[in-house]
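Chemist: Below are the chains, spelled out letter by letter.
2 protein chains.
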Amino acid sequence: VQSAWSVNGGAAAVDPRDRGLAYGDGLFETMAATDGAIRWLDYHLERLAAGCGRLAIPVPTDVELRRQIAAQTPPRGRAVIKIIVTRGIGTRGYRPPDDPAPTIIVGSAPWPSPDPPSAHGVVMATCETRLGENPQLAGLKHLCRLEHVLAQLELKQRGLDEGLLLSTSGHVVSATSNNVFASFGSRVCTPRIDRCGVRGVMRRLVLESCAHLGLEAQELDMDVADLLRADELFVTNAVMGVRPVSRLDDTVYGVGPVTRRLAARLGTVAGD
Amino acid sequence: VQSAWSVNGGAAAVDPRDRGLAYGDGLFETMAATDGAIRWLDYHLERLAAGCGRLAIPVPTDVELRRQIAAQTPPRGRAVIKIIVTRGIGTRGYRPPDDPAPTIIVGSAPWPSPDPPSAHGVVMATCETRLGENPQLAGLKHLCRLEHVLAQLELKQRGLDEGLLLSTSGHVVSATSNNVFASFGSRVCTPRIDRCGVRGVMRRLVLESCAHLGLEAQELDMDVADLLRADELFVTNAVMGVRPVSRLDDTVYGVGPVTRRLAARLGTVAGD
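Chains A and B supply the protein sequences, listed in that same order.
Residue numbering for the first sequence follows our numbering, beginning at 1 and increasing consecutively.
Residue numbering for the second sequence follows our numbering, beginning at 1001 and increasing consecutively.
Chain A with its partners taken away, still in its complex shape:
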């Protein structure tokens, strides 16, 4: 699968005046495709529409989004599909135009290769890089991701792939490209996303799945000490699904039954 991109259904060129580039004025979704089908597409489009609503970006029609996504999704094999929706081209300055015409950018990328050895678990360290807090942006998968880039720069220097991100006030928020969960017996806990962080599609699926598995889901304020006391730790995103964490800083975790059951239900990994 080669990389392929379209902008508003046409050639892969973005106008340099696009507000997505100028100000991070837009949103994105990263999705898993298998043999032409996007996993959890309804949830991705629902989150995208909700995000546009919060930013007062006109929501492209569902038909249009699905058409442009389908056009970039390879009919065979696995691929990662990304969609970006920006507020479109603007005149100079932060002020949004009166009548914005959103830009829709869709691309496919090869599936991550080699597939991370999920069964062995993700090795994770707490990042020095912190996330600023702003309730107005919390939960949104917006384009302003410089903090995540800096966290990945830090991890690269430390020879790690995934890190634990804290907010500037010291609360646990997420992993760098995943949400994070800790289980205590049958209680499945994840940080609240009310001051920063992304409300992940797989995070939502995990929270919704708990009831079906006789588990109790909780969103709450958590700090690192809470994670270190957990029976199991796992991370989630829409591409890699549910993956156990084998180590956070100096604490080692096994792959437990809660992680296994959620991974079995929500597809992907944990067993292979």
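Hints in this document: simulated from the structure, not taken from any laboratory.
Cβ coordinates follow ideal geometry from the N, Cα and C atoms, glycine included.
Do not rely on the hints blindly, as some may be mistaken.
A few chain A residues facing chain B, derived, Cβ under 8 Å [what the hints assert, rightly or not]:
1) Ala50
2) Arg92
3) Ile105
4) Arg130
5) Gln136
6) Leu137
7) His142
8) His148
9) Val149
10) Lys156
Cut-off 25 Å, straight-line C-alpha distance, at most; resulting in silico cross-link-like pairs (SDA-like, lysine to any residue) [claimed, not checked]:
11) Lys1141(B) <-> Gln136(A)
12) Lys141(A) <-> Thr1168(B)
13) Lys141(A) <-> His120(A)
14) Lys156(A) <-> Ala1101(B)
15) Lys1156(B) <-> Arg92(A)
16) Lys1156(B) <-> Asp1223(B)
17) Lys1141(B) <-> Thr1126(B)
18) Lys1156(B) <-> Cys52(A)
19) Lys156(A) <-> Gly1053(B)
20) Lys1141(B) <-> Leu160(A)
21) Lys1141(B) <-> Glu154(A)
22) Lys1156(B) <-> Arg54(A)
23) Lys141(A) <-> Ala101(A)
24) Lys1141(B) <-> Pro97(A)
25) Lys1156(B) <-> Leu160(A)
26) Lys1141(B) <-> Leu153(A)
27) Lys156(A) <-> Pro1135(B)
28) Lys1156(B) <-> Pro1135(B)
29) Lys141(A) <-> Glu1154(B)
30) Lys141(A) <-> Trp111(A)
31) Lys1141(B) <-> Gln1218(B)
32) Lys141(A) <-> Glu1128(B)
33) Lys156(A) <-> Thr1091(B)
34) Lys141(A) <-> Thr1129(B)
35) Lys1141(B) <-> Val1252(B)
36) Lys1156(B) <-> Asp99(A)
37) Lys156(A) <-> Ala1050(B)
38) Lys1156(B) <-> Pro1112(B)
39) Lys1156(B) <-> Val59(A)
40) Lys1141(B) <-> Arg1017(B)
Based on these hints, arrange chain B on the given structure of chain A.
Modeler: Quick look at chain B alone, frame taken from chain A:
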């Protein structure tokens, strides 16, 4: 003066995989040009290089930046010149490539017209929209500006052009597209830029000019009450220079001698 843009010195098309678009992974400068000359160009390029250093983006050569800027600067009249430097095209994911090739985007836009009536002063209200705090990003003119966009959306609804931005912890940071200064006698005060905000080129020039004018410059923590007690209030940016504030919320200010002297020294407005 028509809008005109170049990307890496060539056609005005940005690759949809550019990390500036994907993650706000880049920086920008907005500059004033008159008859082909950029005001304060050395300071803009110095800040741009410092920003690249902090983000570990390779700094394009000074010669290259000046060449691309010159190519987009109209030889006659006034224009606003913008340069964006991003970390360039990336593979999927937040992690920066090992060997990034920065993208340089330069554009010119017509001078704001009608020229805001600066002599009458800027009318400003305190925004509900707040700025998140993150010392790692403070001072940088990076591309992640969604908070400023939301502030401008708020101001638009309220029928105002410029707002006062506070941090989530309640400190004064800046105006929406300007830095802010308050004078108390011969003391010229501006908020510290250590947790959020942009270290403006005109802000630097004002601070440096104070010594020459027998004024005392101070960077400190300020709250709205401090501004309301000020003798004079003014805002600064590289395009519009020094402009008096005539009103903040319900408090009215005159155009005083400190603002007039700084405006006279640093060019632009206050008198016309």
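Chemist: Among all the numbered hints in the text so far, which are the ones the structure does not match?
Modeler: As far as the earlier hints go, 1, 13, 20, 25, 28 and 35 are violated by this structure, in ascending order.
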